[in-house]
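Protein chains: 2
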Amino acid sequence: MTVTKWNVRAGAYYDSVVLMQLQRGLLELSGVVDAGVVMATQANRDLLAANHLLPDSVTANPDDLLIVVKANDEDFAIEAIDKVDELLTRRKSSTVSEDFRPHSLSAAVKQLPEANWVLISVPGRYAAGVAREALDLGKHVFLYSDNVSLEEEIALKKTAREKGLLVMGPDCGTAIINGVGLGFANRVRRGAIGIVGASGTGTQAVTAQIHNLGSGISHAIGTGGRDLKSDVGAITANQALDLLARDPDTKVIALISKPPSPEVATQLISSAQQTGKPVVIYFIGYPPPARQIGNLHFAISLSEAAEIAVKIGDRRLETVEKSPVSSLYLRGLFSGGTLAYETLLGLQASLSPIYSNGPITPNQNLKDPLKSEAHTIIDLGDEFFMVGRLHPMIDNDLRIRRMKQEASDLEVGMILFDVVLGEGSHLDPAGELALAIKEIREKRIGELDFVAIVIGTDEDPQNIQSQIDQLKEAGITVFRTATEAVEYISLKFSRHNSNQFPPVNLEQLKQPLAAINVGLESFYDSLISQGAQAVHVEWRPPAGGNEKMAALLAKMKNKKEN
Amino acid sequence: MTVTKWNVRAGAYYDSVVLMQLQRGLLELSGVVDAGVVMATQANRDLLAANHLLPDSVTANPDDLLIVVKANDEDFAIEAIDKVDELLTRRKSSTVSEDFRPHSLSAAVKQLPEANWVLISVPGRYAAGVAREALDLGKHVFLYSDNVSLEEEIALKKTAREKGLLVMGPDCGTAIINGVGLGFANRVRRGAIGIVGASGTGTQAVTAQIHNLGSGISHAIGTGGRDLKSDVGAITANQALDLLARDPDTKVIALISKPPSPEVATQLISSAQQTGKPVVIYFIGYPPPARQIGNLHFAISLSEAAEIAVKIGDRRLETVEKSPVSSLYLRGLFSGGTLAYETLLGLQASLSPIYSNGPITPNQNLKDPLKSEAHTIIDLGDEFFMVGRLHPMIDNDLRIRRMKQEASDLEVGMILFDVVLGEGSHLDPAGELALAIKEIREKRIGELDFVAIVIGTDEDPQNIQSQIDQLKEAGITVFRTATEAVEYISLKFSRHNSNQFPPVNLEQLKQPLAAINVGLESFYDSLISQGAQAVHVEWRPPAGGNEKMAALLAKMKNKKEN
Chain A
1 MTVTKWNVRA GAYYDSVVLM QLQRGLLELS GVVDAGVVMA TQANRDLLAA
51 NHLLPDSVTA NPDDLLIVVK ANDEDFAIEA IDKVDELLTR RKSSTVSEDF
101 RPHSLSAAVK QLPEANWVLI SVPGRYAAGV AREALDLGKH VFLYSDNVSL
151 EEEIALKKTA REKGLLVMGP DCGTAIINGV GLGFANRVRR GAIGIVGASG
201 TGTQAVTAQI HNLGSGISHA IGTGGRDLKS DVGAITANQA LDLLARDPDT
251 KVIALISKPP SPEVATQLIS SAQQTGKPVV IYFIGYPPPA RQIGNLHFAI
301 SLSEAAEIAV KIGDRRLETV EKSPVSSLYL RGLFSGGTLA YETLLGLQAS
351 LSPIYSNGPI TPNQNLKDPL KSEAHTIIDL GDEFFMVGRL HPMIDNDLRI
401 RRMKQEASDL EVGMILFDVV LGEGSHLDPA GELALAIKEI REKRIGELDF
451 VAIVIGTDED PQNIQSQIDQ LKEAGITVFR TATEAVEYIS LKFSRHNSNQ
501 FPPVNLEQLK QPLAAINVGL ESFYDSLISQ GAQAVHVEWR PPAGGNEKMA
551 ALLAKMKNKK EN
Chain B
1 MTVTKWNVRA GAYYDSVVLM QLQRGLLELS GVVDAGVVMA TQANRDLLAA
51 NHLLPDSVTA NPDDLLIVVK ANDEDFAIEA IDKVDELLTR RKSSTVSEDF
101 RPHSLSAAVK QLPEANWVLI SVPGRYAAGV AREALDLGKH VFLYSDNVSL
151 EEEIALKKTA REKGLLVMGP DCGTAIINGV GLGFANRVRR GAIGIVGASG
201 TGTQAVTAQI HNLGSGISHA IGTGGRDLKS DVGAITANQA LDLLARDPDT
251 KVIALISKPP SPEVATQLIS SAQQTGKPVV IYFIGYPPPA RQIGNLHFAI
301 SLSEAAEIAV KIGDRRLETV EKSPVSSLYL RGLFSGGTLA YETLLGLQAS
351 LSPIYSNGPI TPNQNLKDPL KSEAHTIIDL GDEFFMVGRL HPMIDNDLRI
401 RRMKQEASDL EVGMILFDVV LGEGSHLDPA GELALAIKEI REKRIGELDF
451 VAIVIGTDED PQNIQSQIDQ LKEAGITVFR TATEAVEYIS LKFSRHNSNQ
501 FPPVNLEQLK QPLAAINVGL ESFYDSLISQ GAQAVHVEWR PPAGGNEKMA
551 ALLAKMKNKK EN
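Protein sequences, first through last, are from chains A and B.
The opening position of the first sequence corresponds to residue 1 in the numbering used here, with each subsequent residue numbered one higher.
The opening position of the second sequence corresponds to residue 1 in the numbering used here, with each subsequent residue numbered one higher.
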């Protein structure tokens with residue numbers, strides 16, 4: 001029969017390495033069967049319970065340290081609990097003397113003034129404060145800490161952007177700056193592929209595989225997982241894309257993230273287009289709009305993203321020809337529902353806002369199917385239109401009327417439509433449509449492009465070649481698949497993002513890495529072992545983690561400043 | 001100044017070809033500027049309004065025929081409206097005499113008893129009735145009509161399944177049976193690729209491109225767009241997959257659909273695996289779980305689906321090796337959030353139900369992160385676990401405890417985990433984990449597989465080869481990417497669907513096509529022009545479309561039968 005004893009230490013701060021070592025120390029004691037050393041959050045209490053390490057009698061607050069020991073008998077248990085203080089002290093004396101280390105970020109900066117980077121891995125509730133201090137000192141921030149609020153993240157990133165500084169994180173697991181890994185990072189060859197990663201292990205998997213395939217990394221810039229949410233608006237990802245676009249050592253960029261919010265996706269894709277470099281995009285779980293759109297390559301897995309980046313990096317680069325970009329709207333008038341859907345699927349990545357009577361996401365829902373808004377894709381074969389009416393593959397009347405309606409809107413710059421040939425369809429759809437389009441063009445003031453997707457075979461009753469010829473003679477651009485049309489249109493309508501913020505300093509990125517580490521000592525050790533210059537701050541939370549005392553100190557400090 | 005006149009005809013049925021021809025006839029009259037001939041639904045009234053063809057004075061019910069003429073003056077307008085009856089009659093006399101044509105489906109069947117297929121394109125409100133009649137006569141149904149209710153669709157398909165009959169549709173645009181196109185269909189070469197298509201123009205685009213790439217189609221079976229919704233449960237798609245699996249002329253199958261509901265996707269994917277033939281799957285907008293999982297190939301566009309099918313069709317077929325399938329559960333315990341997410345993304349296609357603390361869809365949400373259910377993927381680096389605790393890449397304690405917990409559940413057949421090497425990570429994760437796994441194995445009753453995804457490079461401080469060796473020595477299956485692990489696991493856990501319904505008759509599929517057409521005459525013309533045997537039914541709705549009269553007739557008929 002085992003005996004469980006516990007002990008609570010209120011309001012004191014211990015870093016997580018200390019807690020792990022205390023737990024291991026307890027487990028090594030004779031007679032101890034199991035032990036738990038945790039901050040007493042609900043999650044951690046539940047974890048203890050799952051391990052049969054939570055006596056009913058325990059009372060503790062989330063900020064308290066809870067120590068539980070299960071031993072073979074009462075004496076062993078008591079003995080173990082009594083050893084806690086000794087074990088905590090033992091840990092301290094085993095490390096480098098603290099006297100040689102700065103106790104504040106500002107002191108560390110004096111010690112290593114060339115350090116442009118600050119790594120922060122203190123507990124979440126203190127992390128934003130340390131990050132702000134680093135920004136005030138003009139340093140880039142690698143913010144490993146999680147449990148930082150969204151509001152704090154936005155505020156930090158906005159401040160950083162104004163100063164031309166990067167905030168990688170919060171919850172940023174990995175980065176590789178000028179050959180040195182920050183946080184968790186695989187050792188990889190240097191090379192021509194730059195990474196913008198909103199996902200830590202995603203970046204690790206891609207950089208590792210690029211190395212394993214024989215290529216290398218210029219820089220891998222982390223953004224933290226929430227950067228591509230609409231609230232944050234991809235501030236860091238945009239800075240990173242711009243930075244790598246300006247970096248002559250980066251030939252290919254890979255952009256890795258969980259699915260961004262739709263408007264962020266569109267904006268980032270257009271930023272990626274503007275880099276003028278090949279960009280491999282993998283938005284994990286976001287249906288790829290195509291394999292390739294201009295300089296953008298879309299992957300469907302981490303390993304494929306790595307493979308494509310390596311393949312492109314090995315190629316001799318072609319300059320991307322830029323076509324003039326339209327600020328007008330697209331209207332797609334389809335007879336085929338699936339063609340409409342696939343086209344919308346492809347275009348939603350680059351055209352925003354886009355609406356449809358067959359929306360993919362609820363925000364694409366077109367309120368009135370009879371009235372287009374912004375970019376619109378209409379399925380004219382939808383049930384809504386079909387009561388007592390022939391399908392638009394048989395009868396062109398509905399579509400021609402709608403074409404005229406769209407053409408009368410001077411904000412419309414392109415009308416896209418499909419021509420589906422074959423059995424059952426109209427015997428000369430191209431003839432009727434081309435005639436109508438000629439009439440529309442004669443009346444129209446200002447530019448209006450027409451693009452057609454022709455589906456059919458050389459055996460179809462309509463004679464596909466003559467159908468295509470009629471369309472081309474009417475000045476209509478013809479494609480044979482939706483995919484090709486999507487690529488063409490995406491490039492025509494891609495937006496130009498202007499950047500009114502100071503650029504991130506490229507020279508700092510290319511200097512030998514020097515960094516200040518605040519938090520997990522193992523990250524400092526890792527910097528040193530990689531040959532980087534680094535200083536570790538012997539950080540302690542204000543008032544030793546006692547929240548009430550910290551509040552009092554802050555109050556006094558404010559008084560003094562006023 | 002133009003003048004607009006209108007006329008309403010209540011409660012009479014006209015097919016949509018007649019309406020189109022009437023409208024065209026009116027437009028040809030002198031002095032007529034525009035004309036509209038529509039069933040007076042709200043949508044159609046709005047359409048007239050958009051074309052400035054709806055006078056304020058118009059009153060009409062949705063079942064009424066509304067005729068509107070806009071002319072240069074009052075006389076022209078009145079003259080045109082007066083011509084309506086004459087135009088309606090002219091249309092009738094121009095077609096083949098109706099006397100030689102059957103007026104009912106049963107009469108048509110007597111005229112062409114070898115017809116196994118009935119094409120139905122009557123208005124939606126009559127379509128289910130005609131389809132039921134066809135099923136009662138033992139015929140397969142191609143149901144082009146839309147505006148058929150979901151309840152009617154389910155009832156029809158359940159009846160059909162019991163009889164080993166197909167109901168393609170409602171709203172089925174296309175099919176190719178034994179070389180003959182039904183509805184809208186491109187003329188394509190015969191060949192070894194069979195199609196199951198829940199999307200009409202999707203099927204047309206794919207079949208046309210397969211032809212254009214030099215290959216051909218065995219059969220293309222349509223299902224209607226709603227077949228893959230959970231309410232219908234892919235009844236027709238499952239029948240079609242089974243039918244093409246048994247067809248010796250079909251070497252490759254392509255399955256095309258808008259995104260199915262998640263449980264239907266899983267079920268269909270497992271049916272596709274069971275065909276034992278290569279199946280190209282394109283669920284439009286559904287993120288592909290991988291490029292290939294066993295005999296399944298995933299495409300990201302219609303044109304890519306065609307390309308892959310052609311490429312595979314040209315290959316010499318390898319037999320798919322079938323590994324024994326586990327009925328137990330998978331538990332994935334990840335240190336890397338993105339690796340967990342990508343693995344879930346891949347596995348959700350084949351494993352159902354599957355839960356996670358980082359769900360992709362809301363129904364995957366794991367209620368309690370500490371308790372796995374069914375198949376579960378856990379990100380142990382999630383903020384929830386991280387208060388006062390080192391990341392699982394540094395400290396293996398949390399993961400080892402969770403492994404023990406999972407192993408004590410005898411419904412668990414496989415534990416998957418990642419090992420992320422590199423700077424910052426634990427210096428011997430494989431050593432600690434392999435040791436724990438050996439202990440777990442010794443205690444465990446029954447089969448328990450362990451699978452690891454190792455992310456790292458040969459330059460990482462841990463020595464990747466020795467890490468992999470330690471895992472392998474402990475009997476753990478090791479992969480270097482999530483993609484490879486997903487493929488391996490998908491095949492291990494794929495379900496076996498048993499089919500307790502009578503199979504669809506393969507011989508009927510392979511007989512020269514003979515069909516009965518009810519509805520659009522152009523579909524009959526198309527059958528004849530393709531060399532098929534066909535009979536067109538001179539169909540009229542009960543009581544000439546007069547709903548009250550029809551209800552009365554039905555009542556009398558019921559009385560007689562009672």
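Don't take each hint at face value.
If several chains are the same, the list does not tell them apart, and a pair holds so long as it fits within one copy or across any two.
Stated by the list, open to error - Cut-off 20 Å, straight-line C-alpha distance, at most; resulting in silico cross-link-like pairs (SDA-like, lysine to any residue):
| # | residue 1 | residue 2 |
| --- | --- | --- |
| 1 | LYS229 | THR361 |
| 2 | LYS367 | GLU459 |
| 3 | LYS404 | ARG9 |
| 4 | LYS404 | ASN51 |
| 5 | LYS311 | ARG291 |
| 6 | LYS371 | ASP46 |
| 7 | LYS277 | LEU112 |
| 8 | LYS404 | ASP449 |
If you are wondering where the hints come from, they were derived from the structure by calculation, not from laboratory data.
Hint numbers not upheld by this structure, sorted from lowest to highest: Hint check: 2, 3, 7 fail, others pass.
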